[in-house]
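Could you slot chain B with the ligands onto chain A? The hints should help.
So the protein lines, in turn, are chains A and B.
Counting along the first sequence from 1, when you hit position 354 you're at 354 in our numbering, and nothing is skipped either side.
Just so we're on the same page, our numbering is the position in the second sequence counted from 1, plus 551.
What the hints contain is simulated information worked out from the structure, not anything from laboratory work.
Some hints could be false.
Unchecked claim - Cut-off 20 angstroms, straight-line C-alpha distance, at most; resulting in silico cross-link-like pairs (SDA-like, lysine to any residue): (1) K736(B) - I793(B); (2) K547(A) - E555(B); (3) K736(B) - F807(B); (4) K544(A) - G202(A); (5) K629(B) - E816(B); (6) K597(B) - R240(A); (7) K597(B) - F242(A); (8) K736(B) - W725(B); (9) K597(B) - I143(A); (10) K693(B) - G243(A); (11) K693(B) - F242(A); (12) K547(A) - S357(A); (13) K693(B) - T238(A); (14) K693(B) - C372(A); (15) K629(B) - E534(A); (16) K693(B) - P255(A); (17) K437(A) - C372(A); (18) K544(A) - P510(A); (19) K544(A) - G557(B); (20) K693(B) - P510(A); (21) K544(A) - E555(B); (22) K809(B) - L678(B).
To be verified - Just some of the chain B residues that point at chain A, by a computed CB distance under 10 angstroms: (23) P561; (24) P568; (25) P572; (26) G774.
For each residue, glycine too, the CB sits at the ideal point set by N, CA and C.
Letter by letter, the chains look like this.
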Amino acid sequence: MTAATETLNPIQGGHADEAHGHDDHGHHASTGWRRWVYATNHKDIGTLYLWFAFTMFIVGGLMALGIRAELFTPGLQFWQPEFFNQLTTLHGIIMVFGAIMPAFTGLANWMLPLMLGAPDMAFARMNNWSFWLLPPSALLLVISLFVPGGAAAGGWTLYPPLSLQFGMGMDLAIFSVHLLGLSSIMGSINIVVTVLNMRAPGMTLMRMPMFAWTSLVTAYLLIAVAPVLAGAVTMLLTDRHFGTHFFKAVGGGDPVLFQHIFWFFGHPEVYIMALPAFGIVSQIIPAFARKPLFGYHSMVYATASIAILSFMVWAHHMFSVGMPATAQLFFMFMTMLIAVPTGVKVFNWIATMWQGSMSFETPMLFAVGFVCLFTVGGFSGLVLSIAPVDTQMHDTYYVVAHFHYVLVAGALFSLFGAVYYWLPKWTGYMYSERMGKFHFWWSMIWFNVTFFPMHFLGLAGMPRRIPDYPLQFTDFNTLASVGAFCFGLGQLIFLYNVIHTIRGGVGKAPANPWEGSHTLEWEVPSPAPHHTWETPPAREVVEKGLKEQLL
Amino acid sequence: MNVENGVHDPHYFVPAPSRWPIVGSSGLFCLALGAAFAMNSVSAGKWLLLAGAAIIIWMLFGWFGDVIRESTHGQYGKQVDYSFRWGMSWFIFSEVMFFGAFFGALFYMRVITVPELGFDSTTHDLLWSGFKEAWPVATGPKVDAYHAMAPWGLPAINTALLLTSGVTLTWAHWGLVENQRGHLKIGLALTLLLGATFLGLQAYEYHHAWTEMQLTLASGAYGATFYMLTGFHGMHVLVGAIMLATMLGRVLRGHFDKEHHFAFEAAAWYWHFVDVVWLILFVFVYCI
Ligand code: HEM
Ligand SMILES: [Cu+2]
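If we strip away everything but chain A, and leave its shape as in the complex, we get:
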């Protein structure tokens, strides 16, 4: 708890306080539903994104529980195989595009203007559109469950020839992906321009918070690959309805072509879900180790290298499809190369903690948990990058284990950490540390119970995307299902804790509740007023924080 920040607030705090009352731009603040539907305020839009993402997390989570319930014992108990496949497909699409990505965009919306000293996002009105394209896309996916033939059931990767065969559900999924892509592109342009153009005086590129760097690079990746995905699904659509032969050999096309285009999007996409997590963890760990981030510059270069390399590894998803040996070798070695910058990051986080004066509040627990488990996911990724090994493991539960270590224990844990870290700033109240810690340990344990056994299942040869399995896989599957239900239950504690905090939590939060945080968002009062940094922060305020971060 620093008192220093309180004394600093007058530099801009007075301004921010009164901004709530009077009106600079001559427009009256909307109230009621209009406040949310017509919103141009980055904080309101950030809040919308975060709640939408949480809702989708619950929806996608229920689908995952549907999958795990079916897999609790061998044989078919709850669903027909067709519906099981729809569950897997929708779970994947909803978690990726509905939960994880919007959550990161929501955080960027809330935090970037505050951290950079900007009055809002660069394009406040377009920002609203980026968000409000998401609910219609989600609605299209939900509608697709009820049309003849049901929802798309070919996996979130939408591979042809399967995806050329389904009914209207597939078309709805395609259009949903179009809208999601549009939302991503607009949201990303907004982030890039905000970071490039709206920083406070003195905050040069090489001195801005790591979270701003990772958001910038992520947004760049998304602008580059979201249109490629749009192209891929458009070709699916014309193959389905307009007679083209992009993915049909009878006309000179090739289903493998789709895989190439899809994964040219898909691999950068996994970094789109990982890089912002790296940024969050790079904010949290220094704060609770009470030390500046170790190797800031190498972190920036590592982020950029990962982004560049991520365009050159896509075919590691296709080792078992059939490729010339040279191509296999190329993609295998390029993939392994990504481990280098990623390793730089992990070592930097550890070095930041080294000899730090650490305390383990909930955000830090999630950040440390992230470092440990993301590394496990990274290692299993390295195993899969070995082409001859992947030919055995492709499409087995080993892959499911791998990507849930990086997506759940990686992306999702970092998001939980971020929410606990910034909740005092958002709500003005402190969350319950007891409940937060419980949420962490509960998630940590049941996550591993759910997903660790999947490594063994995969190694033993259990395929993914399958509603039934031979008897010898029973024990581990049962264990995983129990773990999944417990994990899911634990998220209700998180929800309760957040609502409890909004309603007053365990007391008022000071402007900066954390001793080791020195970025600009902690210079404004808690809760952050509706309008902040309407004029850029004074140079001294910026410099003071940067000095604490050794930048």
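What follows is chain B with the ligands alone, placed relative to chain A:
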């Protein structure tokens, strides 16, 4: 990167709450649902499509109307101008990547799939032993005969038209910065005329190809890439032309001066981008 150069608006313009984005989302939702219905012969489909299109047009008028009003009232400072420039550049980059997907498909089919299907491999021998690799005609084991589009007729004329339009547009821009409004108007009008002629010829070419050359979307790898690339390009020309027409309308109302005319420049950037795409397309789709 103007932070390094100390450019800060005293009050960066943040727009008031606006209804247009949600109107746009509703329009796109109707379009998406309508298209899915229409493609699966659900009769509500075309009405939804129509409603969606109407809503989108309403949104475009409303939203850009607001932007123009804000701009002419001098609410956009220097820093906002930078934001627009960055924003438009990144938008064009996303468009480049969109075309990249289709060019990628074209290269992959020409270099890998078509030769492989025609090469004596097991696949070829067992499945398509009669098939000979050929480009641009009958590219695919089960494709009906068609004629390919020759580059040196209409397509070459179209290339000349688009290139000239790039020149007239730049000339119009000179008129704008030298404050010669007549010159600006003529340049813009000429550009539009050239763009419209291009679209007309392109429509004629499609009609001719479809009805007389049996070249359709179903004409194998060639037909698919031909129509998708030129089709998306044509749609972009249409959008660019609408943008330029809007600029002409604004010029006629006395908008823009030599300092403040980013809308014009954005439309011009877009037009040049569409030009470059055509050139690549002319080489790889028509010529080679
Ligand atoms: C929290 C609990 C979660 C559980 C219990 C869970 C469980 C599962 C299960 C059982 C599958 C199906 C595997 C198969 O049959 O092939 C699956 C697939 C998948 N999950 Fe999760 N998941 C969870 C969270 C997430 C999150 C947060 C993401 C984030 C992106 C995610 C992304 C995916 C993807 C992309 C697939 C592949 C879908 C496909 O095969 O097309 N999951 N998950
Ligand atoms: Cu990958």
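Hint check results:
1. K736(B) - I793(B): Holds, at roughly 16 angstroms.
2. K547(A) - E555(B): holds (18 angstroms)
3. K736(B) - F807(B): holds (12 angstroms)
4. K544(A) - G202(A): holds (11 angstroms)
5. K629(B) - E816(B): Distance of about 15 angstroms is within 20 angstroms: holds.
6. K597(B) - R240(A): holds (19 angstroms)
7. K597(B) - F242(A): holds (17 angstroms)
8. K736(B) - W725(B): Distance ~11 angstroms between K736(B) and W725(B) Cα, so the pair holds.
9. K597(B) - I143(A): Given that 20 angstroms is the threshold and the Cα spacing comes to 18 angstroms, the pair holds.
10. K693(B) - G243(A): Within the cut-off at roughly 13 angstroms; holds.
11. K693(B) - F242(A): holds (16 angstroms)
12. K547(A) - S357(A): Given pair K547(A), S357(A) holds - Cα atoms ~19 angstroms apart, limit 20 angstroms.
13. K693(B) - T238(A): holds (18 angstroms)
14. K693(B) - C372(A): violated (54 angstroms)
15. K629(B) - E534(A): holds (16 angstroms)
16. K693(B) - P255(A): Distance of about 16 angstroms is within 20 angstroms: holds.
17. K437(A) - C372(A): holds (17 angstroms)
18. K544(A) - P510(A): holds (19 angstroms)
19. K544(A) - G557(B): At roughly 19 angstroms apart (the allowed maximum being 20 angstroms), G557(B) and K544(A) satisfy the hint.
20. K693(B) - P510(A): violated (72 angstroms)
21. K544(A) - E555(B): It holds: about 18 angstroms lies between the C-alpha atoms, which stays within 20 angstroms.
22. K809(B) - L678(B): violated (65 angstroms)
23. P561: Holds, about 7 angstroms.
24. P568: Because about 4 angstroms separates P568(B) from the closest Cβ in chain A, which is inside the 10 angstroms limit, the hint holds.
25. P572: Holds: closest Cβ of chain A sits about 4 angstroms from P572(B), inside 10 angstroms.
26. G774: holds (7 angstroms)
Going through the hint list in order, the structure does not satisfy hints 14, 20 and 22.
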